[in-house]
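Read off the chains here:
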Amino acid sequence: MAKKISLYSLLTVFALLVSYLEGIAFSFIPVPAFKLGLANCVCMLLFSRKEYAAAITVNLSRILLSALLFGNFYSLAFSLSGAIFSSLAVLLLLKFKCFSFAGISAAGGAFHNFGQLAAAALLNTAGLLYLLPLLFLVGAVLGFITGMLLEAFSKKYGNLINKIT
Amino acid sequence: MVKKADVIMLICLVFVSLLLFAVMLLIPKNSGDTLVVTVDGKEYCRLPLSVDTEIPLSGNTVIIENGYAYMKNANCPDKICINQGKINKIGQTVVCLPNSVILEVE
Ligand SMILES: [Zn+2]
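These protein sequences, in sequence, are chains A and B. If you want the working numbering, it's the position in the first sequence, counting the first as 1, plus 89. If you want the working numbering, it's the position in the second sequence, counting the first as 1, plus 106.
Source of the hints: derived by calculation from the structure; they are not laboratory data. The beta carbon of each residue, even a glycine, is placed where N, CA and C say it ideally should be. Please note that the accuracy of each hint is not assured.
[What the hints assert, rightly or not] Below, simulated DSS-like cross-link-like pairs (lysine-lysine); rule was C-alpha separation at most 27 Å, straight line: (1) 186/A with 244/A; (2) 139/A with 109/B; (3) 186/A with 139/A; (4) 185/B with 195/B; (5) 148/B with 178/B; (6) 185/B with 148/B; (7) 139/A with 184/A; (8) 92/A with 245/A; (9) 139/A with 245/A; (10) 148/B with 109/B; (11) 139/A with 110/B; (12) 186/A with 245/A; (13) 244/A with 92/A; (14) 148/B with 192/B; (15) 192/B with 244/A; (16) 244/A with 139/A; (17) 186/A with 192/B; (18) 252/A with 139/A; (19) 192/B with 178/B; (20) 110/B with 184/A; (21) 185/B with 186/A; (22) 245/A with 93/A; (23) 184/A with 195/B; (24) 244/A with 148/B; (25) 184/A with 93/A; (26) 109/B with 245/A; (27) 186/A with 252/A; (28) 186/A with 92/A; (29) 93/A with 139/A; (30) 245/A with 110/B.
[Said to hold, decoys possible] To list a few chain A residues with every Cβ distance to chain B over 10 Å, as calculated: (31) 102; (32) 149; (33) 246.
Based on the sequences and whatever the hints tell you, model everything.
Spelled out as structure tokens, the structure:
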């Protein structure tokens with residue numbers, strides 16, 4: 090149990106750091122939500138290993154911490170909604186055995202951005218909806234790239250991951 | 107590595123976004139005459155785009171100039187709002203997520 094808690098905390102801090110750095114790295118691009126979503130690799134990897142409790146704990150902790158540290162109620166609502174939509178897409182596609190992480194993550198990225206805009210629309214900022222086509226496209230393409238990276242990573246370090254989880 | 111199903115998935119998603127682009131293009135966009143400023147989810151003010159003015163907010167400065175509105179200054183970490191440029195068409199927005207400021211043309 091203690092081992093699990095420390096592993097979850099470690100993964101959470103890692104995901105938090107990655108998403109923060111990524112936010113800085115891509116901030117010169119004038120499109121909100123332009124991110125590779127590398128932090129979500131942690132979540133996706135755990136989902137694919139059927140570690141559902143771990144995936145949800147780590148992702149939720151990251152989102153809450155990120156909102157507390159750098160955000161506000163709105164960024165929290167946007168990320169939560171994005172995470173719910175992308176997790177559903179990822180979980181659904183994991184049921185089909187024909188996809189690698191690339192295809193799964195492409196859908197995850199697209200629906201993450203869809204979820205963010207859905208929250209925006211609900212929170213009385215429906216004007217943001219005109220961004221939907223662009224963000225859907227960006228989410229799919231960047232998600233695909235992220236998924237390819239994750240696929241390569243998990244091929245290479247699969248044994249290591251088996252050891253620590 | 108990348109499987110056939112992955113490529114098909116990506117193509118489908120790109121196709122969906124192209125469809126969404128097409129739908130957005132079909133909705134006519136006209137120049138608006140009012141700028142609505144929303145702070146923390148509540149409407150803060152609405153101003154005519156025809157009158158040049160400066161709107162000071164706690165963390166941002168909004169400018170209306172020659173019928174366009176834009177974010178001139180912001181203390182947010184990402185400055186995405188400043189990079190979003192000038193808006194004047196109905197439905198266009200500039201968003202500063204960190205400070206929860208939204209500019210929308212109506
Ligand atoms: Zn800003």
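Structure-based check of all given hints:
The straight-line distance between the Cα atoms of residue 186/A and residue 244/A is roughly 16 Å, inside the 27 Å bound, and the hint therefore holds. The hinted pair formed by residue 139/A and residue 109/B meets the criterion: a straight-line CA distance of about 21 Å does not exceed 27 Å. Proximity of residue 186/A to residue 139/A is assessed by CA-CA distance (about 14 Å); at most 27 Å being required, the pair is judged to hold. Of the supplied pair hints, the one linking residue 185/B and residue 195/B holds, its CA atoms being roughly 22 Å apart against a limit of 27 Å.
Only pairs whose Cα atoms come within 27 Å are accepted, and residue 148/B paired with residue 178/B is accepted, the gap being roughly 21 Å. For the hint pairing residue 185/B with residue 148/B, the CA-to-CA distance comes to about 22 Å; that is within 27 Å, so the pair holds. Our distance criterion of 27 Å between C-alpha atoms is met by residue 139/A and residue 184/A, whose separation comes to about 11 Å. For the given pair, residue 92/A sits about 24 Å from residue 245/A by alpha-carbon distance, which is consistent with the 27 Å threshold.
This hinted pair checks out: residue 139/A and residue 245/A have alpha carbons roughly 20 Å apart, not beyond 27 Å. Note on residue 148/B and residue 109/B: the hinted pairing is violated, with a Cα-Cα distance of about 47 Å set against a maximum of 27 Å. Restraint check for residue 139/A and residue 110/B: satisfied, since their Cα atoms lie roughly 24 Å apart, inside the 27 Å limit. For a cut-off of 27 Å, the pair hint linking residue 186/A to residue 245/A stands: about 20 Å separates their Cα positions.
Restraint check for residue 244/A and residue 92/A: satisfied, since their Cα atoms lie roughly 24 Å apart, inside the 27 Å limit. Restraint check: the Cα-Cα separation between residue 148/B and residue 192/B comes to about 22 Å, which is no more than 27 Å; the hinted pair holds. A threshold of 27 Å between alpha carbons decides the hint, and for residue 192/B with residue 244/A the separation of about 46 Å lies outside it, so the pair is violated. Annotation: proposed proximity of residue 244/A to residue 139/A holds, straight-line Cα distance about 17 Å (limit 27 Å).
Distance check on the hinted pair: residue 186/A and residue 192/B sit about 46 Å apart at the alpha-carbon level, beyond 27 Å; violated. Only pairs whose Cα atoms come within 27 Å are accepted, and residue 252/A paired with residue 139/A is accepted, the gap being roughly 16 Å. Simply put, residue 192/B and residue 178/B have alpha-carbon atoms about 10 Å apart, close enough for the 27 Å limit, and the pair holds. Taking the CA atoms of residue 110/B and residue 184/A, the gap is about 17 Å. The hint holds against a cut of 27 Å.
At most 27 Å may separate the alpha-carbon atoms for a hinted pair to count; residue 185/B and residue 186/A exceed this at roughly 42 Å. Between the alpha carbons of residue 245/A and residue 93/A the distance comes to roughly 23 Å, so the proposed pair stays at or under 27 Å and holds. Between the alpha carbons of residue 184/A and residue 195/B the distance comes to roughly 44 Å, so the proposed pair goes past 27 Å and is violated. About 49 Å separates the Cα atoms of residue 244/A and residue 148/B, which puts this hinted pair outside 27 Å; it is violated.
Taking the CA atoms of residue 184/A and residue 93/A, the gap is about 26 Å. The hint holds against a cut of 27 Å. A threshold of 27 Å between alpha carbons decides the hint, and for residue 109/B with residue 245/A the separation of about 17 Å falls inside it, so the pair holds. Annotation: proposed proximity of residue 186/A to residue 252/A holds, straight-line Cα distance about 24 Å (limit 27 Å). Restraint check for residue 186/A and residue 92/A: not satisfied, since their Cα atoms lie roughly 31 Å apart, outside the 27 Å limit.
The hinted pair formed by residue 93/A and residue 139/A meets the criterion: a straight-line CA distance of about 15 Å does not exceed 27 Å. Taking the CA atoms of residue 245/A and residue 110/B, the gap is near 21 Å; set against the 27 Å cutoff, the hint holds. Residue-level check passed: residue 102/A sits 20 Å from the nearest beta carbon of chain B, beyond 10 Å. For residue 149/A, the requirement that its beta carbon stay farther than 10 Å from each beta carbon of chain B is met, with the minimum near 20 Å.
Every CB of chain B is more than 10 Å from the CB of residue 246/A (nearest about 15 Å), matching its label as outside the interface.
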